[in-house]
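Colleague: Let chain E serve as the given structure and place chain L on it in line with the hints.
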Amino acid sequence: MYLPQSRGPYSGWVRRRMLGMDAGRAPAAPEPDTMLDDPDVQLALWMLYEVHFQGFEEAEEGIEWDLGLLAFRQVLEVPFETVLRDVGAPLRRPRATARIVDGLRDLIAQAPDPGLARFLQRKANADQFVDFLKQRSVYHLKEADAHSFVLPRVRGGVKVALAEVQYDEYGAGRVDRLHQDLFAKALIACGLDGQYGRYVDSADAATLASSNALSLFCLHRRHRGAALGHLAAFESTSSIPCRRISQGAERLELPGEVFDYFDEHVEADAVHEQIAVTDLCGALVVHEPELATDVLLGAEVCLQLGARADQALLDRWAGETGPRWEVA
Amino acid sequence: MTLEPGPRVTACEDGPLLVRGADQWPGPDGEPVRIDRPVVAVCRCLRSQRLPWCDGTHKFGASSPKD
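Same order as they appear, the protein sequences are chains E and L.
When we follow the working numbering, the leftmost residue of the first sequence carries the number 1, and every step to the right adds one.
When we follow the working numbering, the leftmost residue of the second sequence carries the number 1, and every step to the right adds one.
Bear in mind the hints are in silico, worked out from the structure with no lab data behind them.
Beta carbons are placed, not taken as given, at the ideal position from N, Cα and C, and that holds for glycine.
Any given hint could be a false lead.
Here are a few chain E residues that face chain L, going by a calculated C-beta distance under 8 angstroms [what the hints assert, rightly or not]: (1) Glu60; (2) Glu64; (3) Leu67; (4) Thr278.
Where chain E lies over chain L, by a calculated footprint (3+ residues, C-beta under 8 angstroms) [stated by the list, open to error]: (5) 22 to 33; (6) 51 to 57.
Looking at chain E on its own, in the form it has when it is part of the complex:
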């Protein structure tokens, strides 16, 4: 993909540095309180993570390990991690002592839901549906990739279970079933561009923050518990919304590729949910009990940041900031 356009001092600094230009002094650390809503800061962090995935056409491949960029990533990650740890912390604490599988299921049962899937199912117009696809392309065109970084950091049955989920995400041996490509096909069928990273320039702060939280968890070995908790929460809150969204695509008579993408996830994610909660998170905590709190942290962050991203889209379509769902 090409480097996104600058949206302010943070993403501007990262962009110049990645282009090999004299970027000058890096901006100071952002305030934790506002950074989830700051598109400039979230885009900067998204770019800093992206060099570990597909990277950027105009940048040298070696910038993945550029010490200036890595140092700046840390400057952004420290307050970002602080914010994420605050997200829903009071809800999470008492559950850490319970059985992890029950703790996760409790969290998931109480997941905030602003109603985006229902809106897409019943009310959205085609423009809104397309807008949704563009925002979600930031994640879905690299769907499952972040969790592949976790594979070498876990052992035994946990590794087997993660590989089983990833195998399915990556098409289960069939190139025409690779989930990220199914999403690209859906975009193209709607007359959009299926190229990786194409719509990052129009991604809102909440969408970028949601993607960044996952990258943070998956790129740091110490966050492996949170990475797996995130996966469990994501998969456990996917089947039913995907069914609703696929029905919305049918209602609007969107191309069949859109229906296919979401329909595929109804059955696939019902399987992944069971594997992720029990065989991944449950087994991880048996081997490393001290990771229980991190597993719940990852799940909570997934649910809360996912809800914020959903709400941001609904707000935009409402043309106003209606009753907002707040981070706990």
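Modeller: Below, chain L alone, put in the same frame as chain E:
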């Protein structure tokens, strides 16, 4: 090398059966439904809208799945 014996079935607590290595499973009308996934989740609560497969609906409601 030993061959894997038939499908492997695992019951999930308060959830579906996970079935690995099967190429078909009985549908709601008793007719076999073809499987083209390495693992499928078979509904046990019978509230799924895509029987015989789980669609996550069991999470709504407290009753335990029945065999």
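Colleague: Under 8 angstroms is the threshold here; is the Cβ of Glu60/E close enough to any Cβ of chain L for the hint to stand?
Modeller: violated (39 angstroms)
Colleague: Are at least 3 residues of the segment 51 to 57 of chain L within less than 8 angstroms of chain E when you compare beta carbons?
Modeller: holds (count 5)
Colleague: At a threshold of 8 angstroms, is the proposed contact between Glu64/E and chain L supported by beta-carbon distances?
Modeller: violated (33 angstroms)
Colleague: For the segment 22 to 33 of chain L, count the residues whose Cβ lies under 8 angstroms from any Cβ of chain E; is that count three or more?
Modeller: Our answer is that it is violated, as 0 residues pass the Cβ test (under 8 angstroms) against chain E, missing three.
Colleague: May I ask you to test the interface hint for Thr278/E with respect to chain L, counting a Cβ-Cβ separation under 8 angstroms as satisfied?
Modeller: holds (7 angstroms)
Colleague: How about Leu67/E: closest beta carbon in chain L under 8 angstroms, or not?
Modeller: violated (42 angstroms)
Checked against the numbered hints given earlier, this structure breaks hints 1, 2, 3 and 5; the rest are met.
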